[in-house]
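Undergrad: Residue-level listing of the chains:
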Amino acid sequence: MERDILNTDAPELRQLQQRALIVGFWGLLAGVVGAVWFPDQFFRSWLVGFLFCLGLTLGSLGLLMLQHLSGGQWGLVSRRVWEASARTLPIVALFFVPILFGMPKLFLWARPEAVQGDAVLQAKAPYLNVQFFTLRAVVYFALWMAAAWLLNKWSAGQDRGEIAVTPADSVRFRALSAPGLIVLIMTITFASVDWIMSLDPHWYSTIFGLLTLVGCGLSALALAITVLSRMARTQPLASTLVPRHFHDLGKLMLAFVMLWAYLSFSQFLIIWSGNLPEEIPWYIERIQGAWAPVSLLLVAGHFALPFALLLSRDLKRRPSLLATIAAAVLVMRIVDIIWLVEPNFERHGFPIHWMDLAVPLGLAGVWVFVFVRQLRGRALLPFNDPYFKEAFAHETH
Amino acid sequence: MDAQRSVYGLMAEFDSANALVEAARRTHAEGYRSTDVFSPFPIEAAWEAIGANDKRPQLFILIGGIMGMLAGFGLCYWVSVIAYPLNIGGRPLNSWPSFIPVTFEVTILLASLAAVIGMLALNGLPMPYHPVFNVPRFSRASQDSFFLLIEAVDPKFDRQRTRQFMQGLGATEINEVEP
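Line by line, the protein sequences give chains D and G.
All you need for this note's numbering is the position in the first sequence, starting with 1, plus 661.
All you need for this note's numbering is the position in the second sequence, starting with 1, plus 584.
Possibly wrong hints are sitting among the right ones.
Part of the chain G face toward chain D, derived, beta carbon under 8 Å [what the hints assert, rightly or not]:
{"no.": "1", "residue": "Gly673"}
{"no.": "2", "residue": "Pro676"}
{"no.": "3", "residue": "Ile684"}
{"no.": "4", "residue": "Thr687"}
Listing some non-contacts, in silico: residues in chain G with all C-beta distances to chain D over 10 Å [unchecked claim]:
{"no.": "5", "residue": "Arg610"}
{"no.": "6", "residue": "Ile647"}
{"no.": "7", "residue": "Pro710"}
{"no.": "8", "residue": "Arg743"}
So the derived label-pair ranges between C-beta atoms look like this [unchecked claim]:
{"no.": "9", "chain 1": "G", "residue 1": "Asn678", "chain 2": "D", "residue 2": "Thr895", "range": "30 to 40 Å"}
{"no.": "10", "chain 1": "G", "residue 1": "Ile692", "chain 2": "D", "residue 2": "Glu774", "range": "24 to 34 Å"}
{"no.": "11", "chain 1": "D", "residue 1": "Tyr923", "chain 2": "G", "residue 2": "His612", "range": "39 to 49 Å"}
{"no.": "12", "chain 1": "G", "residue 1": "Gly708", "chain 2": "D", "residue 2": "Gly935", "range": "28 to 38 Å"}
{"no.": "13", "chain 1": "G", "residue 1": "Tyr668", "chain 2": "D", "residue 2": "Gly935", "range": "38 to 48 Å"}
{"no.": "14", "chain 1": "D", "residue 1": "Ser956", "chain 2": "G", "residue 2": "Ala655", "range": "40 to 50 Å"}
Hints were generated in silico from the structure; no laboratory data involved.
Don't be surprised by glycine CBs; every beta carbon is placed ideally from N, CA and C.
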């Protein structure tokens, strides 16, 4: 069995990797060509793509820590997907670099002439300035990479049978995950303020960090479902993954969909009730005029439809159907990020620019390529985990 | 022992969840329908095996939820539009976004009440007496042992043959359940 698990040369994965590279190549090529005509738009679309890939990665890191703390079969079968996803952090950090160059184009507070005539931006300048922004980004990535590196290093050692093979020694995973999760939640909150909320430096919402966090978790869950349903078709995972695992992951996805809607609505309700001049324009921009259809699409596609479908028990136990919903949720994640980023900038006519689709698809393609490469590099199940044998010993078929 | 004395059913005891699930599956395949399983923790596979698939609770909960939704929204609408129409910040009287929290909470409230009351009603609870507790070892069902019951009302039930069948299931102990 152990040799089977190590055999990660499944044709599904090879095919996925190949396709991702093709999508990545054409998407980025279109982006680079588009950048010549629309340099401003290029950075906005790049930010959308970066945030989407970052959400997949950080959500994976968060869920990886969470399943170390909670235990359970859903975590054991998804662990390698999230580990591989967390190992893509260096490439995601690389994706961030162009944003540093595009700062004056993206962020109003990074333009000295805009700050000069604006008392609010001057008051916020000690936090929102180019040096501190860059320093914070470096700190976030350093912390995330350190956690991802350690968890993956121990996991590799566990596969070799060197460390964490006894319950006493595997405590190290939990010892890192518990404080790690707190640090992750704090850093994602700050990063969401820096990279999304400060696009409109006059607007603020205290729930925004949590909302971003839930979006990350939802992306990572949808990723795991999509990947696992593909891998469930062939050995080695075909004999391990059973409908119950997809049922559990489906239930979690339903919970995240509801949580996203709950927090989104809370934010909207509070701002709508307050109706204050510094808060409400952010929503007026989005629910009136050109962005109104996109807002409705999010209500329907990011909440109502997946919510109604995921209520069904039978659907959650059918991997291919569940994966279809997960894929749709991933598309909605991109739409949600576009909806967060783009209305901050002036645009006439149809709200979504073609580069908002091309560049994120290109970045996601490259990301998936790297991710699958990482996934294929290790065993697909943590067979040396002290709880693994216990969990799968009482299998009731 | 009086051979003619009626019994409530036969209770087989197993030492593992897997043995219980396997026994439940074979019991269902054998044609027994008035059966029940008891275990210290929920085993989904076991009640699937005996064909316990009562969809009525779901219906109760759905009805409770819809009633709660209508009641919650109705309350807000009646208060804000009909009974006490107040101009708040120039908003329309039927400002539905502010009704959603109440609507949501009452939906959850009535759905969960329907779930609890429906569960109690369908299980016939509260029930001061039940024959299964006449089996001395049955208290272990909430600790470390697994039980399968075949009730005497089952058309296929036969004291001797059912007992033989249960012995073939690998039960560690078989007890008659006093009515």
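Undergrad: Now look at each hint and say whether the structure bears it out.
TA: Evaluated hints:
1. Taken as an interface hint, Gly673/G checks out: its beta carbon lies about 6 Å from the nearest beta carbon of chain D, inside 8 Å.
2. A distance limit of 8 Å between C-beta atoms decides the matter here; for Pro676/G the minimum to chain D is near 12 Å, and the interface restraint is violated.
3. Hint status for Ile684/G relative to chain D: holds, with the closest Cβ pair at about 7 Å, below 8 Å.
4. Checking Thr687/G against chain D by beta carbon gives a least distance of about 12 Å; that is not within 8 Å, so the hint is violated.
5. No beta-carbon of chain D comes within 10 Å of the beta-carbon of Arg610/G; the shortest separation is about 14 Å.
6. The claim that Ile647/G lies off the interface holds: its Cβ sits roughly 15 Å from the closest Cβ of chain D, which is beyond the 10 Å cut-off.
7. Even its closest Cβ contact with chain D, about 29 Å, leaves Pro710/G beyond 10 Å, as expected for a residue assigned away from the interface.
8. With 10 Å as the threshold on Cβ separation, the claim that Arg743/G sits away from chain D holds: the shortest Cβ distance comes to roughly 30 Å.
9. Between Asn678/G and Thr895/D the Cβ separation comes to about 56 Å, which falls outside the hinted range of 30 to 40 Å.
10. For the hinted restraint 24 to 34 Å between Ile692/G and Glu774/D, the CB-CB distance of approximately 52 Å leaves it violated.
11. At about 41 Å, the beta-carbon gap between Tyr923/D and His612/G stays in the expected band of 39 to 49 Å.
12. Roughly 52 Å separates the CB atoms of Gly708/G and Gly935/D, a value that falls outside the hinted 28 to 38 Å.
13. The hinted range of 38 to 48 Å is not satisfied by Tyr668/G and Gly935/D, whose Cβ atoms lie roughly 22 Å apart.
14. At roughly 29 Å, the beta-carbon separation of Ser956/D and Ala655/G lies outside the given 40 to 50 Å, and the hint is violated.
Hint violations for this structure: numbers 2, 4, 9, 10, 12, 13, 14, all remaining hints satisfied.
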